[in-house]
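Visitor: Sequence:
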Amino acid sequence: MQWTVVVPVKALPAAKSRLASTVRDSRTHDQLVRAIRGDTLAAAAHAEGVARILVVADVDGVEAVEAAEVIVQGEPGLNAGLREAAAYAAARWPGDGVAALVADLPALQPEHLGEALRLAAGADAAFVADSSGEGTTLLTARPGTALAPSFGAGSALRHAQHALSVVGAPGLRQDVDTESDLFRALELGSGPMTRAAAAAVTSCSR
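FYI, the numbering for the sequence shown is 18 to 223, going by my numbering.
No lab work stands behind these hints: they were computed from the structure. One thing to keep in mind: the hints can contain errors.
As the list claims (entries may be wrong) - Derived DEER-like restraints, expressed as beta-carbon distance ranges:
#, residue 1, residue 2, range
1, Thr195, Asp141, 26 to 36 Å
2, Ala138, Ala217, 37 to 47 Å
3, Gly171, Ser197, 15 to 25 Å
4, Glu196, Glu151, 11 to 21 Å
5, Ala217, Asp194, 13 to 23 Å
Virtual Cβ for every residue (Gly too), placed ideally from N, Cα, C.
Could you build all of it, start to finish, from the sequences and the hints given here?
Guide: Encoded structure:
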(Lines of atoms letter the chains of each structure in order from A and count residues from 1; the text may use other names and numbers.)
(Lines give C-alpha, C1' and ligand atoms only; values in the text may rest on other atoms or scores of the structure.)
Protein backbone atom coordinates (compact mmCIF):
# COMPACT_ATOMS: atom_id res chain seq x y z
CA MET A 1 0.00 0.00 0.00
CA GLN A 2 1.14 3.52 -0.78
CA TRP A 3 0.58 6.37 1.64
CA THR A 4 0.07 10.11 1.64
CA VAL A 5 1.77 11.38 4.79
CA VAL A 6 0.23 14.55 6.21
CA VAL A 7 2.47 16.58 8.50
CA PRO A 8 0.97 19.54 10.41
CA VAL A 9 3.18 22.54 11.13
CA LYS A 10 2.57 25.67 13.13
CA ALA A 11 3.98 29.00 12.05
CA LEU A 12 6.98 30.44 13.83
CA PRO A 13 7.58 31.90 16.35
CA ALA A 14 4.51 30.35 18.01
CA ALA A 15 5.59 26.78 17.20
CA LYS A 16 7.20 24.80 20.02
CA SER A 17 6.88 27.61 22.52
CA ARG A 18 7.97 25.38 25.41
CA LEU A 19 11.39 25.06 23.78
CA ALA A 20 11.83 28.83 23.74
CA SER A 21 13.08 28.89 27.33
CA THR A 22 16.01 26.64 26.42
CA VAL A 23 17.54 28.94 23.81
CA ARG A 24 19.36 32.27 23.79
CA ASP A 25 17.06 34.13 21.44
CA SER A 26 14.16 33.81 19.03
CA ARG A 27 16.46 33.29 16.06
CA THR A 28 18.06 30.24 17.68
CA HIS A 29 14.63 28.91 18.62
CA ASP A 30 13.41 29.25 15.04
CA GLN A 31 16.51 27.47 13.72
CA LEU A 32 16.00 24.59 16.14
CA VAL A 33 12.33 24.17 15.25
CA ARG A 34 13.10 24.25 11.52
CA ALA A 35 15.84 21.67 12.02
CA ILE A 36 13.54 19.30 13.92
CA ARG A 37 10.93 19.63 11.19
CA GLY A 38 13.53 19.19 8.50
CA ASP A 39 14.86 15.93 9.91
CA THR A 40 11.33 14.60 10.41
CA LEU A 41 10.29 15.40 6.85
CA ALA A 42 13.52 14.08 5.38
CA ALA A 43 13.09 10.73 7.13
CA ALA A 44 9.43 10.48 6.15
CA ALA A 45 10.18 11.25 2.51
CA HIS A 46 12.55 8.27 2.30
CA ALA A 47 10.34 5.74 4.11
CA GLU A 48 9.15 2.72 2.19
CA GLY A 49 5.54 3.05 1.12
CA VAL A 50 5.42 6.84 1.28
CA ALA A 51 4.19 8.15 -2.06
CA ARG A 52 4.13 11.83 -1.11
CA ILE A 53 4.13 14.28 1.79
CA LEU A 54 1.60 17.03 2.42
CA VAL A 55 2.49 19.75 4.89
CA VAL A 56 -0.64 21.34 6.32
CA ALA A 57 0.12 24.79 7.71
CA ASP A 58 -1.89 27.20 9.81
CA VAL A 59 -0.68 30.18 7.74
CA ASP A 60 0.69 30.75 4.27
CA GLY A 61 4.44 30.97 3.70
CA VAL A 62 5.57 27.99 5.80
CA GLU A 63 8.74 26.47 4.37
CA ALA A 64 9.08 22.74 3.76
CA VAL A 65 11.82 20.41 2.65
CA GLU A 66 12.02 17.35 0.44
CA ALA A 67 9.64 18.93 -2.09
CA ALA A 68 6.63 18.42 0.17
CA GLU A 69 3.43 20.03 -1.06
CA VAL A 70 2.13 22.68 1.35
CA ILE A 71 -1.55 23.37 1.84
CA VAL A 72 -2.99 26.03 4.11
CA GLN A 73 -5.88 24.98 6.31
CA GLY A 74 -9.12 26.90 6.25
CA GLU A 75 -10.39 26.11 9.75
CA PRO A 76 -8.26 26.76 12.85
CA GLY A 77 -6.95 23.96 15.00
CA LEU A 78 -4.64 20.98 14.57
CA ASN A 79 -7.34 18.36 14.11
CA ALA A 80 -9.35 20.51 11.74
CA GLY A 81 -6.27 21.02 9.58
CA LEU A 82 -5.55 17.31 9.52
CA ARG A 83 -9.12 16.49 8.51
CA GLU A 84 -8.94 19.02 5.68
CA ALA A 85 -5.63 17.67 4.43
CA ALA A 86 -6.80 14.06 4.71
CA ALA A 87 -9.96 14.81 2.74
CA TYR A 88 -7.87 16.55 0.07
CA ALA A 89 -5.53 13.57 -0.14
CA ALA A 90 -8.35 11.02 -0.28
CA ALA A 91 -10.04 12.91 -3.11
CA ARG A 92 -6.85 13.34 -5.14
CA TRP A 93 -5.26 9.93 -4.47
CA PRO A 94 -8.19 7.68 -3.52
CA GLY A 95 -6.21 4.45 -3.82
CA ASP A 96 -3.67 5.44 -1.18
CA GLY A 97 -3.88 5.45 2.59
CA VAL A 98 -3.52 8.63 4.63
CA ALA A 99 -1.14 8.93 7.58
CA ALA A 100 -0.93 11.92 9.93
CA LEU A 101 2.59 12.29 11.31
CA VAL A 102 3.67 14.86 13.89
CA ALA A 103 6.48 17.19 12.79
CA ASP A 104 8.73 16.94 15.86
CA LEU A 105 10.43 13.56 15.51
CA PRO A 106 14.11 14.40 14.93
CA ALA A 107 15.29 10.85 15.74
CA LEU A 108 12.92 9.31 13.18
CA GLN A 109 14.55 6.98 10.65
CA PRO A 110 12.91 6.00 7.34
CA GLU A 111 12.73 2.35 8.40
CA HIS A 112 10.86 3.30 11.58
CA LEU A 113 8.03 4.88 9.62
CA GLY A 114 8.09 2.26 6.88
CA GLU A 115 7.64 -0.58 9.36
CA ALA A 116 4.82 1.20 11.21
CA LEU A 117 2.99 1.87 7.95
CA ARG A 118 3.39 -1.77 6.94
CA LEU A 119 1.77 -2.88 10.19
CA ALA A 120 -0.91 -0.20 9.96
CA ALA A 121 -1.94 -1.40 6.50
CA GLY A 122 -3.66 -4.37 8.11
CA ALA A 123 -6.28 -2.22 9.86
CA ASP A 124 -8.80 0.37 8.75
CA ALA A 125 -7.24 2.78 11.25
CA ALA A 126 -4.10 2.54 13.37
CA PHE A 127 -1.94 4.73 15.59
CA VAL A 128 1.42 4.88 17.34
CA ALA A 129 1.55 6.28 20.86
CA ASP A 130 4.33 8.65 21.89
CA SER A 131 7.03 7.76 24.39
CA SER A 132 4.80 8.69 27.33
CA GLY A 133 2.03 6.40 26.10
CA GLU A 134 -0.45 9.24 26.35
CA GLY A 135 0.01 11.16 23.12
CA THR A 136 0.07 10.11 19.47
CA THR A 137 2.79 10.51 16.86
CA LEU A 138 1.19 8.66 13.92
CA LEU A 139 -2.43 8.06 12.94
CA THR A 140 -3.40 6.19 9.78
CA ALA A 141 -6.46 5.39 7.69
CA ARG A 142 -6.69 2.90 4.85
CA PRO A 143 -8.26 3.91 1.52
CA GLY A 144 -11.98 4.34 1.98
CA THR A 145 -11.66 5.10 5.71
CA ALA A 146 -11.82 8.71 6.83
CA LEU A 147 -8.97 9.87 9.04
CA ALA A 148 -10.36 10.69 12.49
CA PRO A 149 -7.71 12.74 14.29
CA SER A 150 -8.11 13.57 17.97
CA PHE A 151 -4.63 14.91 18.75
CA GLY A 152 -3.98 16.76 21.98
CA ALA A 153 -3.49 15.73 25.60
CA GLY A 154 -4.55 12.12 26.13
CA SER A 155 -4.97 11.43 22.42
CA ALA A 156 -3.73 7.83 22.58
CA LEU A 157 -6.70 6.79 24.67
CA ARG A 158 -9.12 8.49 22.27
CA HIS A 159 -7.49 7.02 19.19
CA ALA A 160 -7.52 3.55 20.78
CA GLN A 161 -11.30 3.66 20.72
CA HIS A 162 -11.35 3.31 16.94
CA ALA A 163 -7.82 2.46 15.79
CA LEU A 164 -5.35 -0.40 16.19
CA SER A 165 -2.38 0.37 18.44
CA VAL A 166 0.90 -0.28 16.60
CA VAL A 167 4.18 -0.52 18.50
CA GLY A 168 6.61 1.95 16.97
CA ALA A 169 10.38 2.26 17.19
CA PRO A 170 11.73 4.74 19.79
CA GLY A 171 12.60 7.25 17.07
CA LEU A 172 8.98 7.27 15.91
CA ARG A 173 7.70 7.73 19.46
CA GLN A 174 10.07 10.43 20.74
CA ASP A 175 8.42 13.73 19.93
CA VAL A 176 9.99 16.95 21.19
CA ASP A 177 8.08 19.46 23.29
CA THR A 178 10.59 20.20 26.05
CA GLU A 179 14.34 20.40 26.65
CA SER A 180 14.28 16.91 28.21
CA ASP A 181 12.56 15.55 25.10
CA LEU A 182 15.28 17.11 22.96
CA PHE A 183 18.02 15.45 25.01
CA ARG A 184 16.33 12.07 24.65
CA ALA A 185 16.00 12.51 20.90
CA LEU A 186 19.67 13.41 20.64
CA GLU A 187 20.60 10.32 22.65
CA LEU A 188 18.54 8.15 20.31
CA GLY A 189 20.38 9.61 17.34
CA SER A 190 18.67 12.64 15.84
CA GLY A 191 19.07 13.76 12.25
CA PRO A 192 21.92 16.01 11.13
CA MET A 193 19.93 19.25 11.06
CA THR A 194 18.81 18.86 14.67
CA ARG A 195 22.30 17.92 15.85
CA ALA A 196 23.73 21.04 14.24
CA ALA A 197 21.01 23.31 15.60
CA ALA A 198 21.22 21.82 19.09
CA ALA A 199 24.92 22.64 19.21
CA ALA A 200 23.93 26.30 19.10
CA VAL A 201 21.60 25.95 22.08
CA THR A 202 23.47 26.98 25.22
CA SER A 203 21.67 24.61 27.55
CA CYS A 204 22.45 21.66 25.28
CA SER A 205 26.19 22.09 25.69
CA ARG A 206 27.33 19.41 28.15
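Visitor: Could you run down the list of hints and mark each one as holding or not?
Guide: The hints, checked one at a time:
Taking the beta carbon of each, threonine 195 and aspartate 141 are about 34 Å apart, inside 26 to 36 Å as hinted. Checked against the given bound of 37 to 47 Å, the beta carbons of alanine 138 and alanine 217, roughly 40 Å apart, stay inside it. Separation of glycine 171 from serine 197 is about 20 Å and conforms to the stated range, judged on CB atoms against 15 to 25 Å. Separation of glutamate 196 from glutamate 151 is about 19 Å and conforms to the stated range, judged on CB atoms against 11 to 21 Å.
Take alanine 217 and aspartate 194: their Cβ atoms lie about 19 Å apart, and the range 13 to 23 Å holds.
Consistency with the previously given hints is maintained throughout, with no hint failing.
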